[in-house]
Structures are given as structure tokens and as C-alpha cells.
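Chains H and L, in that order, are what the protein sequence lines are. Converting from the first sequence to our numbering requires adding 254 to each position, the first position being numbered 1. Converting from the second sequence to our numbering requires adding 254 to each position, the first position being numbered 1.
Hints are computed from structural coordinates only; laboratory data are not their basis. There may be inaccurate statements among the hints.
For identical chains, the list gives no copy identity; a pair is met inside one copy or between any two copies.
To be verified - Computed list of lysine-lysine pairs in DSS-like fashion (alpha-carbon distance at most 27 Å, straight line): (1) LYS382 - LYS614; (2) LYS698 - LYS316; (3) LYS361 - LYS421; (4) LYS362 - LYS392; (5) LYS607 - LYS711; (6) LYS711 - LYS438; (7) LYS328 - LYS317; (8) LYS298 - LYS317; (9) LYS391 - LYS311; (10) LYS317 - LYS684; (11) LYS566 - LYS316.
There are 2 protein chains.
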Amino acid sequence: MSSVRVDFSNCMSEFAGGHGIDSAELESLYPKLSAAHEAVHQKKAQGSLGFMELPYKTEEAKKISGYAKKQKAKFDDFVVIGIGGSALGNIALQTALNHPYWNLLSKKQRKNCPRLFVPDNVDPELLKSLLDVLNMKKTVFNVISKSGTTSECLANFFILKNALIKKVGIKKWQEHIIISTDEKKGYLRELADKENIVSFTIPANVGGRFSVLSPVGLISASFCGIRPEKLLEGARYMDRKCGSDIVKNPAAIYAAIQYLMYWKGKKINVMMPYSQALKDVSDWFRQLWAESLGKKTNLKNDVVNLGPTPVKALGVTDQHSQVQLYIEGPYDKVVTFLSVEKYGTTVTVPATKARHYLEKHTLNELIKSEEEATRTALTKQSRPNCTIIFPEISEYTIGQVFYMLELATAYMGELFEINAFDQPGVELGKVLTYGLMGRDGFEKEKKEIKEFLISKKNSKYIV
Amino acid sequence: MSSVRVDFSNCMSEFAGGHGIDSAELESLYPKLSAAHEAVHQKKAQGSLGFMELPYKTEEAKKISGYAKKQKAKFDDFVVIGIGGSALGNIALQTALNHPYWNLLSKKQRKNCPRLFVPDNVDPELLKSLLDVLNMKKTVFNVISKSGTTSECLANFFILKNALIKKVGIKKWQEHIIISTDEKKGYLRELADKENIVSFTIPANVGGRFSVLSPVGLISASFCGIRPEKLLEGARYMDRKCGSDIVKNPAAIYAAIQYLMYWKGKKINVMMPYSQALKDVSDWFRQLWAESLGKKTNLKNDVVNLGPTPVKALGVTDQHSQVQLYIEGPYDKVVTFLSVEKYGTTVTVPATKARHYLEKHTLNELIKSEEEATRTALTKQSRPNCTIIFPEISEYTIGQVFYMLELATAYMGELFEINAFDQPGVELGKVLTYGLMGRDGFEKEKKEIKEFLISKKNSKYIV
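All chains, please: the whole structure from these sequences, using the hints.
Following this line, the structure appears as C-alpha cells:
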């Protein structure tokens, strides 16, 4: 079977020179890395790391794909109403595994699957425009919020539900909704119960950014012809590969080199796929890495203000945008290439009268050569980089990579001695928003932000 | 008229505390900033900064829009074949100024304009898929490369031209091509002359990343109903605003605060629009900033390895992904918000039985409140940020912002004492690619990279 591998040669000083890691340095981290592995498995045993249980929920995956198979012909359009962890995985799966112009294909070309829309913002222009292109009578909405209370999700839901009711009536709208939320609590759970709406459960011990292999990611994927069983199979394979022999554990090794690089001042982790299909995997990873590892305090409550900054890039496109900086700028980056050994198709540059050096080569050769050249150029200039190798892009390999990166994130939390599973920093912004929106109970915050804004009212610092 | 402003209050220590800039510090930079302004205008006078001349090329803008008006009804699809600076501006213009689901609208809804495709990569899957959705008989290709020799552009062009000839024949394909390239030299110029293909000139003194207001960006925009005259009008307005009184010059002030922030260790510049429409302006900016300012040596040829890292984010979406890190992580960032005072539409959250606090509010209020809350939360935690304020999104304001950021980049080059207009760092990758692709004359590079790859062949650092 196709096994995803991590090549970290170019992070080692043998290849990357002065900015690389010595083998002795890596080896001296092994005890801590083993302890991290143990700690993660202990947390799993205690039931607090639900993402590690997801690969084994094969019955649920079957249920979801069976449900989607029955329903999908009824609908022309599938809309995910969610944000952050309730949208990024859905987008990443679709971009990775389906036609890049999916929504422009005929329904027949899409093998009877619906178009997919993920309007993951509360932008009035975006939402209004979405209404221009949906045929409500043939649209299904998957409302996703673990808490069942996320403002952005509910705002969009209330608007779209209203538009839906206008088209299909007060007795039928429920048939156009699928709810994914907590098993017991929250507004969406109550609504599902009251209105008898189809619903799926997001396990309480699975955080949003670790939820792509739960119903959060699997429902929209299944409607679009992606096989959830194969995703989980890939994740299980990776789970087995990531055993207690940490030198053979790709998630542990990935975490180790990223951790060491961070303390060498490489605080920016650029994820750069050489494949258009993988571009949104970087975007999904951006949330996972930033929200899990960007923390003010460690477990001892010391102020640490740490966390690597994930950056998404795209090969070859960003060779014409970012690589100049990566090659010549500050030594503050480590690049994670995503590399595809076998693309899904081969395209040949035809012979031309120009007798150009490209002719009769394939685009496949060109993109691979550019990848290899960029990797080599970086390495030769002591710019550390590693490569996650996909034998091909499939549900099986994508499932492996999602799981590997989630597990690596958990290990990173242990290495940094922080809680990788909370996000306390977004609280202030939330309550200030409630204040501005006049929500009951947030009068203090309203006053606080209004005062702050008034203090700036006549700022001389506007030009 | 609608004037774009820069609010940098939250970069000042009065508001941002210890990580902010003191007014005295800013003022002490003014002499250097004035000198930078002078130096830029001197270079302009010498004819080396073509981007500063573009706003005044009104005749050409009229010619382009007139041409597009006549031609566009003939075509259902417009394809930009370009990469980097020959694609990012086109994408940014389209996303900012047209319907977010443009390619899904009917031709009537698009007011007779074509769909737009910008496949700015050499990915075999992407290119093959593009062929699935184009109707060649109704497609026009705008091939854009200043040098006329860019590998990625030519590879895609040769493939698409071949497919085009198969559909429309060897005598008609030329009518489906528009070439944008150098006035005199390069393969594309020769081809235009030989085959009598419509062509536009990219001025020799305009670099790719500064070319959005040249034919590079204006042709696809005009075909899609965007008014180039208005873009240039905005740019001219900004040019006048950016005068020698640098305290009133928004490009100079933006450069000054970014420069000071860089030396305070804020080496990451996050551009975060609170508007889906502006998301690709950040991507365009990413190239401008990274490629112009990421440099190994300064003008005295000292090794400096400097350059801020531009990062694109999106509000409110990235509040659920990146803001945790921005609030709690290392003090290594300055955020540039792009803020829209008046959105193009208003969407109201309807009343629901839930009696939710959101009901009867508008999405406009929600997105603005979240923006204000995030900005305030960052500032209160001494995370410096500034805001570029768009009164509304229009050709006029977008033209202003493009020009302002280009000019700010030129000032940054002067402040850093580097050449902001070259990109020597990408050369090694290019020649190694030629080597791998077997291009004549690159046998040495072929040997070099092959040897390097062999040295890693049995790397033990793969897991």
C-alpha cells in the first residue's frame, strides 16, 4: 500500500549546513520525544484525545457514506455552514480529491454529486452572492458547529434558512438541513430534536481543528463522492506506523525537527505543496498548527508567548512570489514541502516550431524538476526544509497525512509543555464582539470597547 | 471622492504600549523618509520606475477597454496564461471587483462578459481539468510574460495552443490569442509579429510585481467589465496624495511604521482584510513585499539577509484559525487590516423563534464588530496593528491601494538600502531546473544537481 513518508534530510546539518540539526542534537531529544509519545497515549487512554479514536469509527463512516449515497441525487448543491475547524477540513478534502473546477462540471460529470459551497465568513457580499447561484429547492445545508452556538455559523444559518423557507415552505425546509453538533447540548441540538432534522454527532472530546475525520469533514466529502472509509483506513495505517519506536514514527520525527528548528530561530513553518490539489491542506494545517501551539502560558502557567507561525505557499506558483525571500531573507524559516510522486494524469508539451527546450517534456517533469531545484537551491544555501512525500493523492494518503499532522501537533504540545487543545486567546475578541452587538450580559465589554474606540476618535495617526 | 486612509494609531505606543512606536522615534525617521521619497522620485525621473508612470497612461487604458468592449461578446471564456506578477494582479482585481461566484453566473448575469480562468501553475491535473471545462471555440487566451520566455507560461501556452488548434484549425487560432509582452524582444514578441497576433506592450521599466496597472492586469479586467480608466484615476489620486510632505503621505507613513516595526522584531507582516473581496489583494501584496524586500545584500554589497515575511489572512475567517497565535504567540508580528467602511450590500439576520441576540442585526454589523473587537483585543495586548481604510470597494479605491502599496515598497527599499526591483535569489532554482530538464547549455547545473540528489539517495533521514 501507498505509505506517506517524511524526508527530513535537508533539516540535518549534513545537508543544510550551519542552520541544520546535528544528529547528536536530534538524538538527545529522543527521551523527551518518547515521553511526549507516552503522554499523548496516556491522554488518549483517559479519553481526552478523541481525534485518535476517529480512525476506528468505521461504522459511523459507513453510515455517513450510505446516507450520502441515498440522498445526493436529490440535491444539486451542498452548502457547508461552518467556520474554522468546521470548514477548513471540508475545503481541503474537496480540493485534494475532486476536480479543481468541480462546480463548473455538469451533474453527470460529477457522477450525480452536488456542487459544493463553503461560505466560511460572515461577509454580506459573499452571502448575498451565494443566494444568487443556489437553487434552494435542490440545495442541502450542512450546519456545523460543535457547540451549536458559534455566532458566524448561526448568523449565516438564520439567513439561509429564511431564504430556504421562502422557497420550499415551512413544512419542508427541515428536509434540506443536516445538523452536525454536540450529542446533547447547544441550540443546534435542540433544533434538530424539535424539528426532527437529520443530525450527526461531533464527539465532545474532538476539538474543531482535529475534527476533519469526524462527521464534520466526512458528510460533505461523502456527498461529493469521496470515500470516508478510505480516509479512515489511511488514518489507521498512520496510527499503526506512529508507534512507540519514535525513530520510526513520522509524526514524532516531524514534531522533533520542527521543535528543534523553532529553538534555532526558525519560527516560521512554510508549508509548500507542489500540487494545486494540496493547496488547501496547507490552509487546514495553518489552523491546526497556529491555534494549537500559539500560547501565552505553559502548563506551569509561566508566560512563554510561543508558537511557530504556519505559512501557506504553493509550488511552483510561489517560486514567482515567495522563494526570493525564502532563499535570501532572514534565516527564520523551515519549509515543509508536500511532494507528490505520481500525479493523477500526464500532460505533454507538444512539439512546436520554436524547437523549445520544453517540447516533448511533460508538465509532470517540469513541476517535479522545479520542486527538486527549489529544494536543492534552499538546501545549498543552508535553508532547512523537509518533505512529506505522497506516493499519490488519494483518500488513503490524505487520511494518513491528516492524522500524522494532528498527532505531530499533539507531540509538539508536549514538547513545548503547553496545552495544545485550548484557545484562550480568542476569548477577548469574542466578548468584545458581543459587547458591540449589544448582547445581554456584555454591557461591561460594550463600555470597555466603546471607551477604547472613543479614545482613538481624534487620533492624529491617520493619513 | 472616496479617499483611502491609513490609520496607524495602534502601532504607536500611546495605544499599543511597549511594543509600539514612540512619536519621537517616528519623527526621527522623517529625514531618512524624506530622502527615500526624493530618491524614489529621482529614479522615476531617470525613467527606471515605470510603475509610477502607469497611472498616467490613460490613452492606453482607453484603448484596452475599447478593445475589450468590442471583443468580449465573442468569447465565453477568458484564460490568463501567466504566473507570478503576470497573474496575481489579475486575480486580485477579479476577486475584488466582481461577483464571488462569477464563473457560475449566466453570461447575461455577467453582462455579456466571459468567465475568467487564471491557471497560474504548471500542474498536470490542473491543466488537464481546465481543458475539461473550456469551449475552445469561444475561448480567448491572454499570454502574459514580460520577457516572453517564462518556462511556466510557455509550457502551458504550448499545450493550450495545441488544444486550440485541434478545435479551431491552423488558420484561426491566432484570433483566440492576445499577447502581452516586451515591445521588442522575446519569443512571444516574435510570435506576435510572425502570426499577426494582437499584442500589447509591457513597458521595459515595469517589473512583473509592479505591473498590475499595465496591460498585464488591465486586459483581463476589461474583458470582465472592470473599468481600467477608473483604476488609473484612483492611482493618480494616490500619486498626488503621496507628495513630498511625508507626514501626509500614506505610502511613506506605511513604509515608516513597517520599517520601524521590522527593527523591533516584528518581522512578519500579516495582511488581514475584513472582506472576502479583498482576500486576493493580500496575495498580490505578498509577492510585492516578499520579492522586493527579501534580499541577501544591501546596496553596499554587505550581506544583510533581511526582509519582512508577508502573510495573508482573512477576517473573520481566520479569527477561527490564526488570531489565537496573533494574540498569544511571539511578539513577532504587525497586522495590516484592510477595512471596508461600506459594503456593497446589506444582509439582515431575520427574526427567529430562538430570540437570538443576532436577530435583526445585519451581517454588516457583525463583520464590522468582529473586526473592531479583534483590532481592539490585539491592541490591548500590545500587538501592533494598522488599518488601511477603504471607504468602499471600487476601481477607484483599489487603484489607490495598489499604487500606495507599490510606492510604499519602493520607499521600503530605500529605507532598507536594498534594491527592491531585482530578484537574484531565484536564479539558482531556475538554472537547476534547466539542468534537470536537459536544456542545452546547462550541463554543469545538471551534473551539480544530480550529484546532490545522489548524495541523498540512501539518506537515513526518511521515516
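Tested hints:
For the homomeric pair LYS382 and LYS614, the shortest alpha-carbon distance between copies (16 Å) is at most 27 Å, but the shortest distance inside one copy (47 Å) is not. Taking CA atoms no more than 27 Å apart as the test, LYS698 paired with LYS316 passes in neither setting, with 49 Å inside one copy and 55 Å between copies. Within a single copy, LYS361 and LYS421 get their C-alpha atoms as close as 22 Å, and across copies as close as 24 Å, so both meet the 27 Å cut-off. In this assembly of identical chains, the alpha carbons of LYS362 and LYS392 lie at most 27 Å apart whether taken from the same copy (16 Å) or from different copies (22 Å).
In this homomeric assembly, LYS607 and LYS711 never come within 27 Å of each other (Cα to Cα): the closest approach is 65 Å inside a single copy and 38 Å across copies. When the C-alpha separation of LYS711 and LYS438 is checked against a cutoff of 27 Å, the pair qualifies neither within a copy, at 45 Å, nor between copies, at 54 Å. Taking the shortest Cα distances, LYS328 and LYS317 sit within 27 Å of each other inside one copy (18 Å), while across copies they are farther apart (49 Å). In this assembly of identical chains, the alpha carbons of LYS298 and LYS317 lie at most 27 Å apart only when taken from the same copy (25 Å versus 66 Å across copies).
For a Cα distance limit of 27 Å, the shortest separation of LYS391 from LYS311 qualifies neither inside one copy, at 33 Å, nor across copies, at 50 Å. In this assembly of identical chains, LYS317 and LYS684 lie within 27 Å of each other by CA distance neither inside one copy nor across copies; the values are 36 Å within and 50 Å between. In this assembly of identical chains, LYS566 and LYS316 lie within 27 Å of each other by CA distance neither inside one copy nor across copies; the values are 33 Å within and 38 Å between.
Hint violations for this structure: numbers 2, 5, 6, 9, 10, 11, all remaining hints satisfied.
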